[in-house]
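Residue numbers (the numbering used here), protein chains in the order written: chain A, 1 to 454; chain B, 1 to 454.
Note that these hints are calculated values from the structure, not bench results.
For clarity, every value in this text was computed on a predicted model and none was experimentally measured.
Hints may be right or wrong, so weigh each one.
One copy or two, it doesn't matter: identical chains are merged, so the pair holds either way.
Straight line, CA to CA, 20 Å or less: simulated SDA-like cross-link-like pairs of lysine to any residue [said to hold, decoys possible]:
(1) K144 / G177
(2) K56 / E26
(3) K226 / E207
(4) K226 / I293
(5) K195 / S159
There are 2 protein chains.
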Amino acid sequence: MSVESTLFLPELREMLAENDEAELREFCEALPPARTADFMSGLSPDECWRVLQYAKPETRVQIFTYLEHPMQVEIISTQDRDEVASLIAELASDDRVDVLNDVPEEIVREILTRVPAVERRDILRLQAYPEGTAGSIMTTDVAKLAEHLTVREALDELSRQAGDLETIYYLYIVDEGDHLRGLVSARQLVTNINKSGKRLRDLMETELIACHVHDDQEEVAQKVAKYDLLAIPVLDDERRMLGIITHDDVIDVFHEEAAEDVQRLGGIDPLEMSYLHTPILTLSWKRGMWLIILFFAALLTAFALDRYEGRLATFPWLIIFIPLVISSGGNSGNQSATLIITGLTSGEIKLTDWLRVVGRELAIGLILGGFLALCGMVSAMLLTKEAQTIKTALILPLTLLLVVIAGALAGALLPLFFKRMGLDPAMMSNPFVAGIVDILGIVIYMNVALMLLN
Amino acid sequence: MSVESTLFLPELREMLAENDEAELREFCEALPPARTADFMSGLSPDECWRVLQYAKPETRVQIFTYLEHPMQVEIISTQDRDEVASLIAELASDDRVDVLNDVPEEIVREILTRVPAVERRDILRLQAYPEGTAGSIMTTDVAKLAEHLTVREALDELSRQAGDLETIYYLYIVDEGDHLRGLVSARQLVTNINKSGKRLRDLMETELIACHVHDDQEEVAQKVAKYDLLAIPVLDDERRMLGIITHDDVIDVFHEEAAEDVQRLGGIDPLEMSYLHTPILTLSWKRGMWLIILFFAALLTAFALDRYEGRLATFPWLIIFIPLVISSGGNSGNQSATLIITGLTSGEIKLTDWLRVVGRELAIGLILGGFLALCGMVSAMLLTKEAQTIKTALILPLTLLLVVIAGALAGALLPLFFKRMGLDPAMMSNPFVAGIVDILGIVIYMNVALMLLN
Numbered sequence: 001m002s003v004e005s006t007l008f009l010p011e012l013r014e015m016l017a018e019n020d021e022a023e024l025r026e027f028c029e030a031l032p033p034a035r036t037a038d039f040m041s042g043l044s045p046d047e048c049w050r051v052l053q054y055a056k057p058e059t060r061v062q063i064f065t066y067l068e069h070p071m072q073v074e075i076i077s078t079q080d081r082d083e084v085a086s087l088i089a090e091l092a093s094d095d096r097v098d099v100l101n102d103v104p105e106e107i108v109r110e111i112l113t114r115v116p117a118v119e120r121r122d123i124l125r126l127q128a129y130p131e132g133t134a135g136s137i138m139t140t141d142v143a144k145l146a147e148h149l150t151v152r153e154a155l156d157e158l159s160r161q162a163g164d165l166e167t168i169y170y171l172y173i174v175d176e177g178d179h180l181r182g183l184v185s186a187r188q189l190v191t192n193i194n195k196s197g198k199r200l201r202d203l204m205e206t207e208l209i210a211c212h213v214h215d216d217q218e219e220v221a222q223k224v225a226k227y228d229l230l231a232i233p234v235l236d237d238e239r240r241m242l243g244i245i246t247h248d249d250v251i252d253v254f255h256e257e258a259a260e261d262v263q264r265l266g267g268i269d270p271l272e273m274s275y276l277h278t279p280i281l282t283l284s285w286k287r288g289m290w291l292i293i294l295f296f297a298a299l300l301t302a303f304a305l306d307r308y309e310g311r312l313a314t315f316p317w318l319i320i321f322i323p324l325v326i327s328s329g330g331n332s333g334n335q336s337a338t339l340i341i342t343g344l345t346s347g348e349i350k351l352t353d354w355l356r357v358v359g360r361e362l363a364i365g366l367i368l369g370g371f372l373a374l375c376g377m378v379s380a381m382l383l384t385k386e387a388q389t390i391k392t393a394l395i396l397p398l399t400l401l402l403v404v405i406a407g408a409l410a411g412a413l414l415p416l417f418f419k420r421m422g423l424d425p426a427m428m429s430n431p432f433v434a435g436i437v438d439i440l441g442i443v444i445y446m447n448v449a450l451m452l453l454n
Numbered sequence: 001m002s003v004e005s006t007l008f009l010p011e012l013r014e015m016l017a018e019n020d021e022a023e024l025r026e027f028c029e030a031l032p033p034a035r036t037a038d039f040m041s042g043l044s045p046d047e048c049w050r051v052l053q054y055a056k057p058e059t060r061v062q063i064f065t066y067l068e069h070p071m072q073v074e075i076i077s078t079q080d081r082d083e084v085a086s087l088i089a090e091l092a093s094d095d096r097v098d099v100l101n102d103v104p105e106e107i108v109r110e111i112l113t114r115v116p117a118v119e120r121r122d123i124l125r126l127q128a129y130p131e132g133t134a135g136s137i138m139t140t141d142v143a144k145l146a147e148h149l150t151v152r153e154a155l156d157e158l159s160r161q162a163g164d165l166e167t168i169y170y171l172y173i174v175d176e177g178d179h180l181r182g183l184v185s186a187r188q189l190v191t192n193i194n195k196s197g198k199r200l201r202d203l204m205e206t207e208l209i210a211c212h213v214h215d216d217q218e219e220v221a222q223k224v225a226k227y228d229l230l231a232i233p234v235l236d237d238e239r240r241m242l243g244i245i246t247h248d249d250v251i252d253v254f255h256e257e258a259a260e261d262v263q264r265l266g267g268i269d270p271l272e273m274s275y276l277h278t279p280i281l282t283l284s285w286k287r288g289m290w291l292i293i294l295f296f297a298a299l300l301t302a303f304a305l306d307r308y309e310g311r312l313a314t315f316p317w318l319i320i321f322i323p324l325v326i327s328s329g330g331n332s333g334n335q336s337a338t339l340i341i342t343g344l345t346s347g348e349i350k351l352t353d354w355l356r357v358v359g360r361e362l363a364i365g366l367i368l369g370g371f372l373a374l375c376g377m378v379s380a381m382l383l384t385k386e387a388q389t390i391k392t393a394l395i396l397p398l399t400l401l402l403v404v405i406a407g408a409l410a411g412a413l414l415p416l417f418f419k420r421m422g423l424d425p426a427m428m429s430n431p432f433v434a435g436i437v438d439i440l441g442i443v444i445y446m447n448v449a450l451m452l453l454n
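With the hints as extra help, turn the sequences into a complete structure.
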């Protein structure tokens, strides 16, 4: 896709240079809007906006919806306020809030004064929901119908509204006070198409999966995924229906949450924007706070080594393996922490499995530690002439065996412990586990050496 | 949800103990199948199967679909072969292959002989597509219609088939040879419900987003997400329509791929099953291969330190900060590698951004390195009496500054380099970056010390 879209760019620019109205109109209308947006992805925001002027209003809105997010933000921020405002008024209610959230505030204010009152109120209301809640990602473009309608009437009503709705596949049945009463799927309508006098009341499902407007977006997304829903209704405290969250928004939430988990595991406070759009000072702060915590954790290794300084001066060849010992433990700890944290987050591992987890890590630690010990023994014998007696030759392998086991156990137990304490196990990031295993590694190394050398 | 479901378990067990047919029937039919499955999640596979016997056949299939995967596998593997086979015949075509893939082979063979020939052939055909391809996750339960049908005829046809279809929201138009010609959405049918003499041919979209049966499942999932599709058709080389992949399968793919990325970043070859279900030897191998590669990378630090052994013996207080220096560089490298790798994978960072990335990492490295240098200076002065002259007091801070910058740059450049070489940047796992930064750290530390001490 990206290859063809780049190939087409020069022609598109030529059409713009020549103001070739016929060709540009043809370009905007010939393909599905998603493909058209693809072909435009190499243009500047100015060029992009100029091309969009040749699309019919409905097509323009649709193409705009499929442009990449930064491009949308640029266009809204830089182009003629009046024209932008009329585009904003036509966008899906969740999409426009998404875009406006990244446009500078003073520009948003200028645009909002130009948007019709109904849409303006809708935007301000949605913007008021805190980031990360169901309210912040829902759309208000939803089919709400009364229960006394017949199948036939419902289909007619739908066919009138279809253009403005995010999904027509779930119809929500509400009473006069907008309280959610039930759900009829388009599938049920179609199945009952020959009983067109039947009323929605007789078809509707009343045991509904719904969410509250203040629910965490990740929980909502998991619900939608678990029950294979196309959309989930969003309710307030009085079960009034405020909007819906659709399956495509759920995918966005999962992407966002997966990125956050990865960043936490890498020892970074999750970013709110993409890497290239996050200001350098924000990025420094989000990395720096963890780097400093980890620095002080690592400082403990200096205290530990300080205790053994005299001994190390007598056997200087022990020093050169310090980084090897530490990193082997850290890597082993990283691996088990990664597996246990992701297992806990996905629900595959439960707290009650802790004994099984420890058993498995002990077994794996023995196997991997044993193998690294073998590698370590050969390396030590080749690298230092001091490691030629049996006792000295055993220091490194024995240390590696114990350190790898300690790493595997610590990497598994620390996240389990965090979870048990009611904290997010992903806070126990890999660097943090590695920091703790580093200290263990030094203590093990020095004590094994003391034991074998005395 | 999980709280209420646990609360209900004793009552459910009591009903089973008393063989209370009326209550058990009521339990199976009263709630939506997804909720019923929830309430059953604490039961043993035997109990679960006994409860399912009280459900109507259609409800039984639906409840079973919402049971957790390990429970499904257990039930299929252990219960009466004939009864299990008739359940399998009724399941959605992608779901049953999913379950059978984790059932021991000899049991699958026994079950398949009891499944009707049509379903058996379908299962064998789907099982033949390699893991990770579009074919392996598609379903064959799809609405295929001829283009000459009218809207009215199409609706009637749909209402007949609806029970067996995974989605009725996209209708695929095929010719006699099953070649995909176009798509009509249920939305279009509903909008044209009053022009019921109109033919599908006049409504259908012919510029379609589709995928090939051998396409990588991740690419397919990204396509579905990008274009906000409910389903994507799966074609063979001749554009014959083999099946569809629906939005809920796409969410599963994203979960799977996100887990794989995290595992790669943690230095583990991705698991095919959940942690607790992966055999210990497989797990050891998937971790061990990386642990050993990393071991030999870390061994290079021993060579590096070996070169400076004499010098270190003269200034033994330098030794105690080795782990601190190494881990500071490693953590800084981890952070930038995590951000750059995930940015490259999501497409937010492109190869052409490399200069911007380097500029940002240099700036961030300076800020973070500067701050750690400050912490390092204070720590060194408090911890060792040797770091009291200006020159010796500067060794640790200067080293930390340079090491943090080197880490940030290496963490950014290594994944970019991998990507440039056409390799998967996630292969440049965090431990691997840390390993390389370890060596840089030692070389920097020793050279700074030599420079300031001479």
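### Query
Which hints, by number, does the structure contradict?
4
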